[in-house]
Amino acid sequence: MLWLLPWLLFLIVIGTVAQRYIGLDASLELFFTSYIVWIGVFPTPGGFLTLLFLAVSLIANMLQRKNWKMQKAGILISHLALLLFLVSGYLTYKYSLEGYIAVAEGQSSQRMYDYVDRIVSLKDSSGKSVWSQPFSLLRGERSIQTPAGKIFIQKSFSNTQAIQREKSADKNYGTLAEKIDLLEKKPELLPEDDVASIQVLFKDTTYVAVESLPSQFPKLGDYELTIEKKPTPLPFILTLQSFEKLRYPGSDQAREYRSLISLRDTEKSAPHFHTISMNQPLRYRGVALYQSSYLVINGREASVLAVVINPYWWMPYLAGITLFIGLLWQLLLRMREVRR
Amino acid sequence: MKALSFFFSLLLCIFVLHSNQVNAQEAKAENLPLQAFSMLPVAQEGRIKPMQEFARRWLIRISSQEEIDQKPASYWLAETLFSRDSKLNKTPLFAIEDEVLRQRLHLDAQMNFRYSATQLQDAFSNRKDELAQSLDRWQRDLPLSKEDEAELALYLKLKQWQQLRHSFSAFTSLPDFLGAPEEYQSSYFSLLPKRNELNDTLKELSQQHGTQLDAYNDDELNLLGFGMRLSEWESEQRQNSTLRIIPVSDGDWLSPWQSITKSQLTPQNVSYIKSWIALGEAWRSNNMDAWQKQLSTTKQQALELAGDPLLKLRLVTESFYQKWQPFTLAAIMYLTFAALMALPFLPIHLQHMLYWSVIAVHGGALLTRITIMERMPVSNLHESVLFVSFLLSLSGVMFRQHAQRRMIWCLLLLSCGALLLIGEALIDHSQDRLPILAAVLNSNFWLGTHVISITIGYALSILCGLLAHLQLWKMRRESRILIPMSVAALLFTAIGTWLGGVWADQSWGRFWGWDPKENGALAIVLWLSWLLHYRYDKGYHPVIYLCLTALLNVVVAMAWFGVNLLGVGLHSYGFSSAAVTGLFAFTLIEVLLIALLGIRYHHAKDS
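Quick mapping for you: the protein sequence lines, in order, are chains A and B. If you count the first sequence from 1, position 204 lands on 204 in this note's numbering, and the numbers rise without skipping. If you count the second sequence from 1, position 181 lands on 181 in this note's numbering, and the numbers rise without skipping.
Mixed in with the good hints, there may be bad ones.
[To be verified] On the chain A side, residues computed to face chain B include the following (Cβ under 10 Å): (1) L8; (2) P281; (3) S292; (4) L295; (5) F324; (6) E337.
[To be verified] Taking lysine-lysine and the DSSO-like style, the derived pairs with C-alpha atoms no more than 27 Å apart in a straight line are: (7) A:K150 <-> A:K94; (8) B:K146 <-> A:K186; (9) A:K94 <-> A:K230; (10) A:K94 <-> B:K517; (11) A:K69 <-> B:K538.
Everything labelled a hint here was simulated from the structure, so no lab data went into it. The structure displayed is predicted, hence computed values, not measured ones. Beta carbons: idealized from backbone N, C-alpha and C, even for Gly.
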């Protein structure tokens with residue numbers, strides 16, 4: 001434990017400072033969720049491995065019989081709490097899903113969208129997806145078979161800079177591809193701010209699809225090629241009845257955001273109404289909905305709700321209560337010793 | 001008895017010194033006192049504040065100063081609102097420190113780089129097209145160059161100042177330049193019932209004569225001209241929202257013009273506005289009796305309209321707070337008393353008097369802040385400094401019977417004084433000193449649990465660090481109280497961090513996001529845990545243990561201030577080179593000091 005704690009502290013310090021330069025997600029991947037961190041040519045334990053050592057060390061300590069005394073009860077309970085925190089962290093990392101819903105007043109949604117992952121789809125005229133692949137699997141030049149036919153992926157970028165295209169006379173271009181060419185751009189500090197894009201060759205014509213230009217997604221035969229944030233279906237239909245932004249007096253600054261929503265399990269079910277506001281989420285059928293912010297879409301206010309699906313959300317609460325008991329026990333014990 | 005006399009004399013000296021620095025003299029304009037006017041309520045920056053503070057914030061914004069010609073901001077505001085003197089337009093008021101902007105507007109460098117409204121109006125009249133373009137881009141959220149942004153900001157300040165001047169223009173006689181015919185020569189408010197009739201008349205005339213101006217007689221031409229000028233003036237004035245003095249039923253506060261546009265002209269509101277008009281008349285005529293009588297009426301009406309039984313208390317408290325700067329007074333007392341506490345011959349009862357008096361002043365200052373803001377003062381870095389320093393000094397109560405009380409209190413007072421000075425340096429004078437909360441932080445429950453727990457943890461951690469310094473200096477093993485204190489610090493910091501995670505889970509659905517502030521709090525928890533593990537390890541060495549405990553202050557400083565400088569995460573304040581230099585200097589000095597003390601202790605132990 002004596003080297004684990006300072007080593008963990010060191011990782012936290014460099015990982016935190018690194019966030020300024022490479023962003024949170026890259027820092028997480030490099031320091032906090034990695035097995036190995038390379039310092040120069042030296043491999044050192046990454047966050048994941050360090051926490052694994054910590055968990056093993058805690059279990060070993062708890063199993064030692066000499067620690068099973070009233071005097072050490074506080075320490076045992078605190079260590080148990082720590083173990084609970086580590087386990088809940090692992091389970092959350094492995095099994096939780098996060099995303100958002102942006103819905104205008106009167107609109108409904110049955111999906112949440114991922115902040116980071118994108119998918120490439122072919123959609124028919126009714127908007128239904130007939131084929132989709134994670135964007136991360138379509139990197140690099142390759143040929144793929146789709147319901148529209150064979151498509152050759154010329155380039156794909158997770159973050160894009162669009163520049164004016166210098167057209168070749170002997171090539172054909174789609175409407176958007178005529179105007180813009182795609183260049184790779186450094187990832188933004190927040191991955192949800194990245195703009196993904198793809199350039200494909202389909203039946204001797206070059207097409208581009210850019211995530212931020214959904215109205216200009218190209219048509220490949222009977223299908224529309226789209227890139228969007230990965231949707232996940234929800235076990236209910238959410239409708240935004242009204243969105244309220246309460247302001248401070250004499251100011252435009254929001255004091256509180258509030259969404260009145262209705263939920264239906266199916267199209268035919270009766271709706272039930274709930275209010276979601278800042279710091280007061282709604283949990284329903286394993287899904288937690290949080291008031292995040294709001295947007296203005298085509299002049300209409302749309303509420304943005306953060307969505308989390310995490311069956312283990314209760315574990316950090318249990319761990320915290322356990323930690324409080326353990327530390328309080330230890331404090332009372334120490335104070336008794338001082339008085340003696 | 002001698003100690004008591006000394007103590008009260010000292011307090012008196014401090015108060016006198018402090019009051020010389022603050023503007024304790026009641027401002028007067030000729031014979032008209034401004035105290036009651038300064039406490040009239042107005043809404044600004046999301047809260048209801050006294051007029052004096054509204055005026056001060058205005059002056060800082062446009063003129064980068066808190067008073068003009070040695071007169072307080074409330075005097076300037078009264079002149080701006082009530083005076084009809086055109087000299088006001090020629091008073092150098094608008095600060096333009098940007099040389100590029102001055103050159104763009106062809107303004108000569110003059111004293112203090114302040115320019116009058118007339119000078120700016122003339123300068124902007126030559127740049128109408130450019131301004132229109134900038135305004136259009138700004139309204140459409142399109143990017144502007146730095147120079148265009150600075151020019152537009154100045155233009156908008158001028159416009160807002162003009163709006164302030166014309167706050168009551170709806171209720172006073174129509175301006176001469178409108179050229180109102182006799183039957184319409186009254187206030188805009190009086191004209192409102194006849195507005196539709198005027199529109200109908202103008203429509204009829206237009207249908208009768210069309211665009212042929214020859215077909216109109218003189219009266220009809222005058223009426224037409226008046227109609228056009230009135231519409232233009234009216235649409236500009238209807239955006240006038242600067243002086244929000246009228247509370248309405250939905251909790252919002254409106255300006256006199258907004259009360260017209262939002263149809264909130266109840267008889268009570270109209271009566272209130274008219275009492276303000278009468279106040280203006282008393283000001284212009286320099287009539288003391290009318291002024292005081294009208295102020296009393298206006299204040300009474302304001303409180304009745306607001307319907308908030310605690311509003312008066314908050315206004316009085318804020319006036320006191322802004323005027324007397326109680327935290328500055330507390331900082332002076334801390335540092336002075338710390339110097340006295342260092343004297344070895346200081347009598348015990350004097351030690352207690354010094355200690356408790358500064359606690360009372362600091363606690364009182366916090367209480368005033370809580371009264372004004374109606375919440376705990378823990379919402380930003382500046383407030384956390386005010387609160388942590390109070391908890392730190394209060395923790396000295398534990399040592400009131402301790403053998404090393406004097407030295408411990410000396411260290412505590414010195415640290416608290418230093419923290420309050422840091423707190424002063426953190427104030428952003430371009431912002432409200434008493435800011436409102438962002439929506440996601442607007443939860444008294446979480447502010448009261450998570451932030452208070454963490455601040456208690458910070459205070460106890462700093463106390464542990466100070467105790468360790470003292471033990472190193474005295475070359476003694478750690479005192480018996482250090483370990484339980486470390487456990488208490490760990491308890492509060494760990495639980496505070498956990499509560500922060502719970503709050504984050506309730507707000508965003510994630511308990512832990514590796515945010516820099518979360519990581520900072522975790523760093524303190526890890527350091528404290530490491531200390532305690534080391535203390536009970538076989539290889540424990542008392543000097544090393546004390547040095548590591550003393551370094552807690554550096555860990556807390558990094559976690560508390562350092563993470564804010566990274567410019568990322570939810571608690572970011574952006575990079576500041578002065579803050580980085582200060583933090584670096586503190587860290588270096590602490591590390592060197594602890595190393596020296598440790599080496600000295602180690603050699604003494606060996607010998």
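Hint numbers the structure violates, sorted upward? 4 and 7
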